[in-house]
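If you read the protein sequences in the order shown, they are chains U and L. The first sequence lines up with residues 23 to 132 when you count with the working numbering. The second sequence lines up with residues -19 to 94 when you count with the working numbering.
One thing to keep in mind: the hints can contain errors.
Unchecked claim - Okay, the calculated beta carbon distance ranges per label pair: (1) L:Asn31 with U:Ser49: 43 to 53 Å; (2) U:Ser99 with L:Ile(-15): 15 to 25 Å; (3) L:Phe54 with U:Asn27: 30 to 40 Å; (4) U:Lys92 with L:Arg76: 22 to 32 Å; (5) L:Pro50 with U:Ala100: 12 to 22 Å; (6) L:Gln(-3) with U:Thr46: 21 to 31 Å.
Unchecked claim - In silico BS3-like links for lysine-lysine, alpha-carbon gap of 30 Å or less: (7) L:Lys58 with L:Lys4; (8) L:Lys48 with L:Lys58; (9) L:Lys48 with L:Lys4; (10) U:Lys73 with U:Lys58; (11) L:Lys4 with U:Lys58; (12) U:Lys58 with U:Lys92; (13) U:Lys58 with L:Lys58; (14) U:Lys58 with L:Lys48; (15) U:Lys73 with U:Lys92.
Stated by the list, open to error - Which chain U residues face chain L? A few, computed with CB under 7 Å, are given here: (16) Phe34; (17) Leu55; (18) Pro61; (19) Gly64; (20) Pro65.
Think of the hints as simulated: they come from the structure by calculation, not from any bench. Glycine residues also receive a C-beta, built at the ideal position from the N, C-alpha and C atoms.
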Amino acid sequence: GQQLNQSPQSMFIQEGEDVSMNCTSSSIFNTWLWYKQDPGEGPVLLIALYKAGELTSNGRLTAQFGITRKDSFLNISASIPSDVGIYFCAGLRPGNQFYFGTGTSLTVIP
Amino acid sequence: DAGVIQSPRHEVTEMGQEVTLRCKPISGHNSLFWYRQTMMRGLELLIYFNNNVPIDDSGMPEDRFSAKMPNASFSTLKIQPSEPRDSAVYFCASSRDSNTDGQYFGPGTRLLVL
């Protein structure tokens, strides 16, 4: 099925740096979700966004629902080693079609 | 609160054998989803149920795959006969509402078909 385009595919950053990643599509979405997956575990929901333009924070994480409804952004401030993992965006389209992004692999170097 | 429960956590079987994966969603959640994750294809939605009724099974790869949800607290994903290309991690997830809510994932079943 269709997948959302996430970028970058992977990131290697120093501890303390800020991180930005995004998710784009040619289609409109009603809901955007961001997940983190640790090795050997299932994805864990981080942030859910329900309205265009919405900006939501969860600790050091901030996510935004793009105005065009075709994209979403996730920022992590002051990264720490436990931020390591794969971050997935997911979106719900009109008609209840649900899609996952391709994932961004984050490595934090102490 | 208990999260989504999946069993078994690991399964190794031989080609041609039947495989049954089990899932218990979070109590009170009305929607249940089955996903498959591989390195090559990422996370793929196989099928989802709303109030125990299959809504979209367009992601089910072929007739060898079947899923049931006999009641609100239990679902199975069956592969018969299994093939090596079915090797993957299979996740079950549940949500309160398939229309708006985020999904909560189980720990997954790691399937290896030899």
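**Prompt:** Against which earlier hints does the structure fall short, listed by number upward?
**Reply:** 1, 2, 5, 6, 16 and 18
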